[in-house]
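Visitor: What follows is the residue order along each chain.
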Amino acid sequence: MKFYGTPLPGVEHEEYSGKLIVIEGTDGVGRSTHITGLRTWLESRGHAVLDTGMTRSILAGRGIKEAKTGTTLGRLTMQLFYATDFVDRLENEMLPALRAGFVVLTDRYIYSAIARAEVRGVDPAWIRSIYGMALVPDAVFYLRIANPQQLVGRLFTSGRGFDYWESGMDLNLGEDLYDSFIEYQKRILKVFDRLTGEYGFQVLNASRSVRTVATDLRRGVLKVLEEPVSANEDNVSVIQPLRDQAGPTKLTNLVDLNKKALP
Amino acid sequence: MISYGQHQLPGKLFVVEGTDGSGKSTQLALLYQWLKAEGYPVFFSEWNSSPLVKDTTKRAKKRHLLTPATFSLLHATDFADRTERDIIPPLKAGAIVLADRYIYTAFARDVARGCDRSWVRDVYSFAVKPTMAFFFRAPLNVAIDRIVSGRPSLKYYEAGLDQGWSDDAEESFTIFQGKILEEYDRMVSEFGLTVIDASRSIERQQREMRMLIGPHLDRKKRTRSH
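These protein sequence lines map, in sequence, to chains A and B. Adding 9 to a residue's 1-based position in the first sequence gives its number in my numbering. Adding 195 to a residue's 1-based position in the second sequence gives its number in my numbering.
Be careful, since some hints might not be right.
Computed spacing ranges between beta-carbons, pair by pair [said to hold, decoys possible]:
1) A:Arg-169 - B:Ala-232: 51 to 59 angstroms
2) A:Thr-81 - B:Thr-221: 41 to 49 angstroms
3) A:Phe-165 - B:Arg-381: 56 to 64 angstroms
4) A:Asp-132 - B:Pro-205: 18 to 26 angstroms
5) B:Thr-221 - A:Ile-67: 54 to 62 angstroms
In case anyone wonders, no lab produced these hints; they're calculated from the structure. Where a beta carbon is used, it is the ideal one built from N, C-alpha and C, also for glycine.
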């Protein structure tokens, strides 16, 4: 058990048998599709799975959703409300599940919260200090898309359309939801590229087919679980951690190594 | 983001702190009346008053959903909303803001509950440093008597029953308030709190406050003259 900074109060230092796996990525990149797929697959392999995600806490989930229906949510208030939601889920869902030996799949983690805070001009040291209470996960898979235009299409296929906050409308970045969305997501992607090196994300090129990305994910998850790749998972590409070498140029070389033979 | 002590705002911020039952709210109310009567633009802001967070806190306390960490963060959320809504804008406008409880309440309570001292200070580092912070210091037994006799029963978190120090609410409350007082005492020099002896008469305490605040007031800021 390792924390990024000041640990949770009252938590004894202990080893747990579960695995904490994070799926990160910007809005509309397909995170929830992949988590649903991973969950079913892991369960069929005999793993107990807990999945969780931002604003799903019993404590603060509803409050955040209500606060977001208005436009009076200040930027610092927003960050702290999200942190409350996160810590509630960490203490009451993730930690107990990890102790019980579950695979915990989390749809976003502290990195999205940090990215959103940073694009809003919040002190990077401050937000990191708050999230020092977070456990260092066993793996972070970052579903990366190179430009925000690609995300727009998905917003419509999923029938969601533009959302006020996902478009960063509180930042006055553009004339309308579309302009603002593009500019906001562009900034978020930039922060994520920086966080990739800082936190050692494993980057997956999410502009490929769902199936290809899913195969990559499974392969990565098996590695975390220290399980051998079976015949079913044969047709996958290699994922490599991308420590300290973030940046779009490097990324393109890393993805799509489908042809590479498995060890 | 501007950090504690770095804000340059034309208004003045006066805060009152102290254990429950120390009489600080009474003193702040009297101060408010006086400043208003003198013609100053005054704005009053109290602990746990954010309209965005209120329902969440109420429900969480009723259903005992809070741990030391989430108790701390939820109150920090509430305080951030107060800062962004009720404290910074009036201070920018040159008003006098009176705050009933401030970050020192969080520092005292959260640390008494086991949160890390420097972590809590980091969380609240966005707060505006008050012009003056009054700490109403009452002997522990006086404060406890005032609270316990003043209300039918102590609430769960108020009594610190979430900490498992004692099953008896009154005993738990006494332990909790003792720890809180210890934290306040340590903050006097750390943050330069102005100690007011809360065991003296209401009138005397109020006279002392007005005398101390006087030099910080700008008579030109009064909206009407006398």
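Visitor: Does the structure break any of the earlier hints, and which numbers would those be?
Guide: 2, 5
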